[in-house]
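Protein chains: 8
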Amino acid sequence: MSYDRLTIDNAAVLLVDHQTGLSNGVQDQSVPEYLTAVTGLVKLAKAFKLPTVITTSAADGPNWPILPIIRQTLPDAPLVHRPGEINAWDNAEFVASVEKTGRKKLIVAGVSTEVCVAFVALSAIKAGYDVYAVIDASGTWNKLVQEVAVARMAQAGVKPITWAAVGAELQADWRNPSGQDLGHIMGEHLPFYGNLFASFQAVKS
Amino acid sequence: MSYDRLTIDNAAVLLVDHQTGLSNGVQDQSVPEYLTAVTGLVKLAKAFKLPTVITTSAADGPNWPILPIIRQTLPDAPLVHRPGEINAWDNAEFVASVEKTGRKKLIVAGVSTEVCVAFVALSAIKAGYDVYAVIDASGTWNKLVQEVAVARMAQAGVKPITWAAVGAELQADWRNPSGQDLGHIMGEHLPFYGNLFASFQAVKS
Amino acid sequence: MSYDRLTIDNAAVLLVDHQTGLSNGVQDQSVPEYLTAVTGLVKLAKAFKLPTVITTSAADGPNWPILPIIRQTLPDAPLVHRPGEINAWDNAEFVASVEKTGRKKLIVAGVSTEVCVAFVALSAIKAGYDVYAVIDASGTWNKLVQEVAVARMAQAGVKPITWAAVGAELQADWRNPSGQDLGHIMGEHLPFYGNLFASFQAVKS
Amino acid sequence: MSYDRLTIDNAAVLLVDHQTGLSNGVQDQSVPEYLTAVTGLVKLAKAFKLPTVITTSAADGPNWPILPIIRQTLPDAPLVHRPGEINAWDNAEFVASVEKTGRKKLIVAGVSTEVCVAFVALSAIKAGYDVYAVIDASGTWNKLVQEVAVARMAQAGVKPITWAAVGAELQADWRNPSGQDLGHIMGEHLPFYGNLFASFQAVKS
Amino acid sequence: MSYDRLTIDNAAVLLVDHQTGLSNGVQDQSVPEYLTAVTGLVKLAKAFKLPTVITTSAADGPNWPILPIIRQTLPDAPLVHRPGEINAWDNAEFVASVEKTGRKKLIVAGVSTEVCVAFVALSAIKAGYDVYAVIDASGTWNKLVQEVAVARMAQAGVKPITWAAVGAELQADWRNPSGQDLGHIMGEHLPFYGNLFASFQAVKS
Amino acid sequence: MSYDRLTIDNAAVLLVDHQTGLSNGVQDQSVPEYLTAVTGLVKLAKAFKLPTVITTSAADGPNWPILPIIRQTLPDAPLVHRPGEINAWDNAEFVASVEKTGRKKLIVAGVSTEVCVAFVALSAIKAGYDVYAVIDASGTWNKLVQEVAVARMAQAGVKPITWAAVGAELQADWRNPSGQDLGHIMGEHLPFYGNLFASFQAVKS
Amino acid sequence: MSYDRLTIDNAAVLLVDHQTGLSNGVQDQSVPEYLTAVTGLVKLAKAFKLPTVITTSAADGPNWPILPIIRQTLPDAPLVHRPGEINAWDNAEFVASVEKTGRKKLIVAGVSTEVCVAFVALSAIKAGYDVYAVIDASGTWNKLVQEVAVARMAQAGVKPITWAAVGAELQADWRNPSGQDLGHIMGEHLPFYGNLFASFQAVKS
Amino acid sequence: MSYDRLTIDNAAVLLVDHQTGLSNGVQDQSVPEYLTAVTGLVKLAKAFKLPTVITTSAADGPNWPILPIIRQTLPDAPLVHRPGEINAWDNAEFVASVEKTGRKKLIVAGVSTEVCVAFVALSAIKAGYDVYAVIDASGTWNKLVQEVAVARMAQAGVKPITWAAVGAELQADWRNPSGQDLGHIMGEHLPFYGNLFASFQAVKS
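Residue numbers (the numbering used here), protein chains in the order written: chain A, 1 to 205; chain B, 1 to 205; chain C, 1 to 205; chain D, 1 to 205; chain E, 1 to 205; chain F, 1 to 205; chain G, 1 to 205; chain H, 1 to 205.
Incorrect hints may appear among the rest.
What the hints assert, rightly or not - Calculated lysine to aspartate or glutamate pairs in the EDC-like style (CA-CA distance at most 16 angstroms, straight line): (1) D:K105 / D:D173; (2) E:K204 / F:D60; (3) G:K126 / H:D4; (4) A:K126 / B:D60; (5) B:K204 / A:D60; (6) E:K204 / G:D60; (7) E:K126 / C:D4; (8) B:K105 / B:D9; (9) B:K126 / G:D4; (10) C:K204 / B:D60; (11) D:K104 / D:D4.
I should point out that these hints are in silico values taken from the structure, not numbers from a laboratory.
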């Protein structure tokens, strides 16, 4: 597996079923940790202007609507409401949206990790994409399910990653234009980092 | 490893030594978590009409009988009492029962994960099957043993999975006929999901 | 603190805000462990014919309705929908229902432990009741909150307890009439115990 | 210990050494959990217009400045920079500020729990106050230190509590004027609750 | 609470329901840790010639017989099979056996901690005894139940202790006659200590 | 329990059986955490010139010698080798050494927490001293034993504390003469604090 | 990786540096869990008459002698004291002893997992052997080191396994001659299994 | 993957962003465990005279300076301050420094594991180096991020390792000249080992 990097020109983001009902089932991390990671990833998508496809399942039913923070941050991203397909890759509109991004590297996150993320990731690998599963911006019912999902995806060639690593790989150099934006995002969603910034600010002023 | 999916036409379920005595040794999960996962898997087998083979070891001895929920849910599945073979694959009747299913994808669960599940899984891989080990519907003596068993099986090409992912992959689309059944099973055995259903029900009524 | 026991003649049960929405925020135990304990307690209330008062908060709002298992098991228990009071003890109808039970020992459970349970428990202590807080049939947002809630209640004289201990103290002797009922409840909701029963059944038959 | 409740008329908040440097030493909770609890508590102080006293230690030195969220939310609260006293109660200006609030119930949080919180709490108990230590809006170096600090304070009559319980006890009834504010605070800082709100919002609209 | 020590002349041991079936439900410790602690305590009882009373519940039923190591180590201790009383203190033969020891300090262990141990401990406190609950030589279904049981007993004045502390308090001085016996017991059941002994032995020889 | 503070004039330190063999049995914390806490406490004793009494048990036997860091830091402290007494308070020379300090507040640490620390602490309470048990500068075989030991001591009026809280309470004000020493000790043994210092140093230079 | 099984004719056991000093540094499992697994493996080696090679490092120095249980159980196994080689495979006598067994499958355990076990395992793989690393009958300083060691070995083709899986794979069929021996070993070192046996024994008698 | 060992002639060390600010964000281990591992690795680099390259990011900004222990121990190692590149491999001076070592095996550690370590490691693999990632001498924000980072690197062929295994593999034989140095380093930074040494010393003297 050669190290062919994520860049702002080769990557797209897929957000699968981050819905308010499903999110309350997440127990492989604490809810604050899960939500801060999801929000961090969504803000990265905006800051780096990455093409993003959002999809939901049963959003009018018990899974409830997409997390408000996602829709507010990315109001123009295509949002595909799937009428029944569990694997979003089985939905033609979703796949067309992905293809339309023109990107061959897919950054996937969602709820739950072992179903909504893993199925899309495995299908995308089969379709020839290079796939990154963002484990902390995804969630599932307990730690064991997370571990098994990561093992299954890694075995199939999906690359496990976390949201801050996605941001750092895309930024590449702090001097690139998005540097300040990324600083703010990390300062807010890696809170220890926000503390470092605030400390430093105090020194300079 | 290409992503060739589990379907209701290509998969069979093997339940290995889920006996009442052995089940009381399970400590890699809490007992309620283990039992709810086993029950979920067994109900999936019934809902999807998957051919299922059950086997026990020393069921008249200290391992005690099969969990009642298994026999009650799947009264017609072949039940092979092994006279001594630890690896069920060494028992001709068991292998014949598996072959008779005509399926090439085997969903294996049991107690203990590192013996009863791993041995069958490794033997089935060798015999040319595509094998899925359902880690949460299996159990063993402590977390370390579970981790080592998953690592050994993954290294050999067995796919680690969890019961709800099996259900979702088989269902494929919520509009398929088994959708309502699956909803009930998930509502009962992923209890946060049952809460979502009940909340939604309240809105609609 | 003298050991004055819970009996079927001196105890009542208070179930506070076990609603489907709130229950999905419970993370101090796994959801299966929480739900099996709540169900166990509710069945005890029925088996021992303990007067029981149920109350909800914002049941038409985001907290959602009472857990179905509670209403199904105890269809005739008074159910007080509080219009706004967070501490159920501030609701006159609730207190009247409690007084009407005529019991001086109150077994309290609910969601969340540090608010809905603790406030009622502390108020009841102040009103002269002997109060038991059933920690495993209650739930809250994380383990730290649970620990702090138990410490606060214990400091004030509330007795921390768990659902199976409630059952055992009420039963007192397995030969009392409710013995078989309790056996079934424990067999189902302390699942290792169900396994022991099933093993024993196999021997006898 | 009688249950004499926290009200918006009898309580004041003391925030002790929540500084950006010290906050990066907090490891008894994850940093996101700690920060969301601190922010929740500070917003409660504002919403309920509780008199609040803030203090820092070595804020021009390695402990760094107060968390920005605190100063931004409560710009008018007295802020006492202690020149050297470790126990804020040894600083006359701090004690005067506390006395000036006219409140006899003190809600204390800070970093670290076993020093900055415990020393103030124990001194305030000695001075005749009723003291609540908010454990999740405080932080320290590891779980063991937290446990020992809670044990020491509880033994001396300090009441351990968490930020959401403070909010609920002050609110008392959701129909009181601050109800909507509290709803927003809880929705944002108990994120599972925010998900419930957003789900409910979707139903109503 | 004055520190009035356990001695070989003032203490008796009560072993409540350490049965092979119930022991397989123990999950607040690992099974090897639980069993090594029980065995250590039983050997202490023998080494210090402490009067010991053993009792079982439903030993002919699903709880199964007393742990073999207990009967083998203490073959002459009175063994009271209770016909139905859950709290052993309700059984006249048991109480008579305790009274016959003539001791006023009772060292209690058993399964489960919150029922079999706590009920006896609370009853014995009420009857005027000084009671020690040996938490590691007892066991229950999960860590939460253990924590709640310890909190309830401590609140009522029962002293929580562990088996090795019992041994050390009884021994008092390594030069007392039982010193060598205790050394062997600790070497075997606190295994790190056995390693120290073996290391030292190697130096001396 | 009134808050009567530890000062450099009213406190003495007792170090009980911190021997190299026994220290390798400590598993309630990681070994680096245990050792850094012990070293921190010993350096505090030196920095604050607190009278200190050291004692060992079987130091020529399998418990091995006192930790070198203790002897090197406090070469002149009386060191009482007990010939057999498990509770150091049973050794006349030890008690005489304690009395000779003329202090009525005793800061006790050692291995193991539930024996060597608890027995001395309980005896000292009985003898009229005010006793602080430093839990992180003590160690024992597993977390459960630690929890039980803290519960037993707290119940008897021993104050649980941690080494850094001891240092902070003795220092009282950073401007007192020992301030710089304490800064160095905390910088080295609360390593996150050392990082803050080094960061600050970088700014100033 | 084909599943070519361990048998009593193709396997040898290598025990590397299970010394009394080193064993007291084991913290990736509790000491009772580690010791019961080591003892189980050693008894398997005896019961199945597997050729076994034992080796030590600095046995006359601070690592101390081999665990007594190993020497007592396998008094005739070659014991190679290495004068300095850390990787036992660098010692000609050790390699010669391994070759002399004539076996091509090596079951390796020792302390520490990431050094003594991993180095031998990686060297043996390079030398053409099929290697199994018994993770629970090995030990190291903390869980992180264990995880990293397993990952490194698995990556290189070493098969991770646990002691009971080794026993089950070698036994193959409970009716083989060693069946009763294995039953006793498992009954003693998987204690929940011993409880099952004892329960069953009670039924039959 | 053949086992081609690390030697003092084929390996270099890369230390990436072990800065005082970033280090305070480390929470996948306790801070004392992290710091003792970093220090151990740095001392190994000195003892084995391994060519070492140090690099920092934003060292004049919020990440703060390199840990003092690193600079003090390796004052002559090249230190590359990167002006903005997140992946040190993107900095020509850094790569030139690595190439100048002439070594083909790179031992990489840093903060954070999933960014600073993983990016360098993956780039170095691509550039044809054999790469070892020292997980305990690296650190990141929580355990989940560590697990994902190890999985990603292992998948790409980076070898996960820990600092003590690096030391042992380089030393190869305790009789090699660096033996005594290594003994001291291990004695100080694997503290249980220091206890063994001190115990042994006591015997010999």
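Structure-based check of each hint:
1. D:K105 / D:D173: violated (20 angstroms)
2. E:K204 / F:D60: It holds: about 11 angstroms lies between the C-alpha atoms, which stays within 16 angstroms.
3. G:K126 / H:D4: Given that 16 angstroms is the threshold and the Cα spacing comes to 9 angstroms, the pair holds.
4. A:K126 / B:D60: violated (47 angstroms)
5. B:K204 / A:D60: Holds - the C-alpha atoms of D60 (chain A) and K204 (chain B) are around 11 angstroms apart, at most 16 angstroms.
6. E:K204 / G:D60: holds (12 angstroms)
7. E:K126 / C:D4: holds (9 angstroms)
8. B:K105 / B:D9: With Cα atoms ~10 angstroms apart, K105 (chain B) and D9 (chain B) stay inside 16 angstroms; holds.
9. B:K126 / G:D4: Cα-Cα ~9 angstroms, so holds.
10. C:K204 / B:D60: holds (12 angstroms)
11. D:K104 / D:D4: holds (11 angstroms)
The structure is inconsistent with the numbered hints 1, 4, although it conforms to all the rest.
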